[in-house]
Structures are given as C-alpha cells and as structure tokens.
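Q: What follows is each chain in one-letter form.
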Amino acid sequence: AQSVTQLDSHVSVSEGTPVLLRCNYSSSYSPSLFWYVQHPNKGLQLLLKYTSAATLVKGINGFEAEFKKSETSFHLTKPSAHMSDAAEYFCVVIGSYGQNFVFGPGTRLSVLP
Amino acid sequence: KAGVTQTPRYLIKTRGQQVTLSCSPISGHRSVSWYQQTPGQGLQFLFEYFSETQRNKGNFPGRFSGRQFSNSRSEMNVSTLELGDSALYLCASSFDSTYEQYFGPGTRLTVT
Chain A
1 AQSVTQLDSH VSVSEGTPVL LRCNYSSSYS PSLFWYVQHP NKGLQLLLKY
51 TSAATLVKGI NGFEAEFKKS ETSFHLTKPS AHMSDAAEYF CVVIGSYGQN
101 FVFGPGTRLS VLP
Chain B
1001 KAGVTQTPRY LIKTRGQQVT LSCSPISGHR SVSWYQQTPG QGLQFLFEYF
1051 SETQRNKGNF PGRFSGRQFS NSRSEMNVST LELGDSALYL CASSFDSTYE
1101 QYFGPGTRLT VT
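Protein sequences appear in the order of chains A and B. Each residue of the first sequence is one higher than the last, beginning at 1 in the working numbering. Each residue of the second sequence is one higher than the last, beginning at 1001 in the working numbering.
By construction, these hints were calculated from the structure, which means they are not laboratory data. Remember, it's a predicted structure, so these values are computed and weren't measured experimentally. Just so you know, even glycine gets a beta-carbon here, dropped at the ideal spot from N, CA and C. Warning: the hint list may mix true and false statements.
Stated by the list, open to error - Capping the alpha-carbon separation at 35 Å, the derived lysine-lysine pairs in DSBU-like fashion look like this:
1. Lys1013/B / Lys58/A
2. Lys1013/B / Lys1057/B
3. Lys42/A / Lys69/A
4. Lys49/A / Lys68/A
5. Lys69/A / Lys1057/B
6. Lys42/A / Lys68/A
7. Lys1057/B / Lys42/A
8. Lys69/A / Lys58/A
9. Lys49/A / Lys69/A
10. Lys68/A / Lys58/A
11. Lys68/A / Lys1057/B
12. Lys69/A / Lys1013/B
13. Lys1013/B / Lys68/A
14. Lys42/A / Lys58/A
What the hints assert, rightly or not - What the simulated footprint calls covered on chain B by chain A, stretch by stretch (three residues with Cβ under 8 Å from a Cβ of chain A suffice, anywhere in the stretch; the number is not a length):
15. 1014–1021
16. 1029–1043
17. 1072–1083
Stated by the list, open to error - Over the 10 Å line for every Cβ pair with chain B, so calculated as not near, a few chain A residues:
18. Ser32
19. Gln45
20. Asn100
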C-alpha cells in the first residue's frame, strides 16, 4: 500500500529566505511523485512531478524537489520565499498503473514580511 | 486548452436531500477522479472513472456514487445528505493513471 507523510503541518519563513517542505513516501512499486499547491479557496495546481527520469525535478515558480530513493523522500525546496507562496502544499504518490493518487495531509506555508 | 470545469460552484442542501455534481474534464483526458476535502480529514479519494468504468473506489459509504459518460464528463451523486457531507468536492482529470492530474475549482457543498 502507498502512503505519504508530510512531516510538518505548518512551516513559517520570512520573505526572501529558503523554503523546505518535507515529504516521505511508502510504496511497493517505483513511484510517481507530485507536489501540488492550493491557495485559499482555489483548486489544486500542479507544481512539479517525478516519474523516474532525473532525480532533481524543477517545477513552476522556482520550486524544485529531489527524489531520494534511499531515504524514501521527495522534499520540496525554493531558494527564496515570496509572499505569494503562502498556501497549502500537498505531496502525492501513485504506485503503479491503475492505482489512485494518495495525498499527504498537507503543509501550510506562511511567509512573513 | 480549457481546464477542468465543475458545476455548480456552490450548493446549499438540507439533510436528507440528494445532490448531483458535475465535472467536465480537459479535452482528451479519459480519467476523472473525485475527492472530498474537509478541514478535519484533508483530501480523501472518492472514486476514479476511466472510459465510463469505475476503476478505483475509496472508503466512502454507498450513498456516494458516480458515473462517467462517453464524452468523459462525470457526475457524482450523494443521496440522503448528512451534515458531515459538507465539504469541498474536487474533480480531477488526467490522461491516464500515473499521469499528473489537473483539478477543477471545486464545488462547495453545505448541508444544513
């Protein structure tokens, strides 16, 4: 069975400082992994995806994530936070064809001026 | 390319009633998934339809049902509404499993 753990329910950073949102996964298969962002009262937007190509994945708005199989991690980073990054972030795993997406509980990112 | 659309965007219903929500996927996408989002339970998977067949189902009671039409549009139905069904219902479409999903804006259902 697949599962996702997001280690922090809330992360607070100052504008201009780095962002690190942590995600660990469990999957019986070589997984596909995604990060989604949800701004208040909006739907979910895809930030980036890993599908067994390069282990360092670049996404939109300056975000990137690194797949580390040995650590079963897929942490999301950004070098410099912007006020507009304040939102809820979800890590998602899918194990294999025909299985459904499994969402993590989410991490709320606050960006302080 | 038009995104995923959901109708209606907001809905208020009374306990015991039933409701039908609609989702139009991105053109060419054959997979449609439905999720329930609440503050307490987060995002929970309801079911997935692919080429008019339910391929996966989450752990929800039988009051929650869905279907998919030949044009890939999907509907979900909730019968005998309960207060706990108040939530944001999100629809997502994708080309197929293991591909990224694209989400609609959601339908906010309030049960009174």
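Q: The structure should be examined with respect to each hint, and the outcome stated for every one.
A: We went through each hint and held it up to the structure:
Distance restraint check for Lys1013/B and Lys58/A: the Cα-Cα separation of roughly 43 Å exceeds the 35 Å cut-off, and the hinted pair is therefore not satisfied. Note on Lys1013/B and Lys1057/B: the hinted pairing holds, with a Cα-Cα distance of about 25 Å set against a maximum of 35 Å. For the proposed pair Lys42/A and Lys69/A, the alpha carbon gap of about 32 Å is at most 35 Å, so the pair holds. Only pairs whose Cα atoms come within 35 Å are accepted, and Lys49/A paired with Lys68/A is accepted, the gap being roughly 14 Å.
Of the pairs offered as hints, the one joining Lys69/A and Lys1057/B holds, with about 28 Å between alpha carbons and a cut-off of 35 Å not exceeded. Between the alpha carbons of Lys42/A and Lys68/A the distance comes to roughly 30 Å, so the proposed pair stays at or under 35 Å and holds. The suggested pairing of Lys1057/B with Lys42/A holds, with an alpha-carbon distance near 25 Å, which does not exceed 35 Å. The hinted pair formed by Lys69/A and Lys58/A meets the criterion: a straight-line CA distance of about 17 Å does not exceed 35 Å.
The suggested pairing of Lys49/A with Lys69/A holds, with an alpha-carbon distance near 15 Å, which does not exceed 35 Å. With a C-alpha separation of about 15 Å, the suggested pair Lys68/A and Lys58/A falls inside the 35 Å cut-off, and the hint holds. For a cut-off of 35 Å, the pair hint linking Lys68/A to Lys1057/B stands: about 30 Å separates their Cα positions. Annotation: proposed proximity of Lys69/A to Lys1013/B is violated, straight-line Cα distance about 47 Å (limit 35 Å).
Annotation: proposed proximity of Lys1013/B to Lys68/A is violated, straight-line Cα distance about 46 Å (limit 35 Å). Taken as a hint, the Lys42/A and Lys58/A pair is honoured in the structure, with Cα atoms around 23 Å apart against an allowance of 35 Å. Remark: the segment 1014–1021 of chain B is not confirmed as covered by chain A, as 0 of its residues place a Cβ nearer than 8 Å to a Cβ of that chain, below the required three. For the segment 1029–1043 of chain B, the stated coverage by chain A holds: 4 residues have a C-beta nearer than 8 Å to a C-beta of that chain, and at least 3 were required.
Only when three residues or more bring their CB closer than 8 Å to a CB of chain A does the claim for the segment 1072–1083 of chain B stand; here the count is 0, and the claim is violated. For Ser32/A, the condition that its CB be more than 10 Å from all CB atoms of chain B is violated, with the nearest at approximately 5 Å. At roughly 7 Å, the least C-beta separation between Gln45/A and chain B is not larger than 10 Å, which violates its mark as non-interface. Separation of Asn100/A from chain B is inadequate, the least Cβ-Cβ distance of about 4 Å not exceeding the 10 Å criterion.
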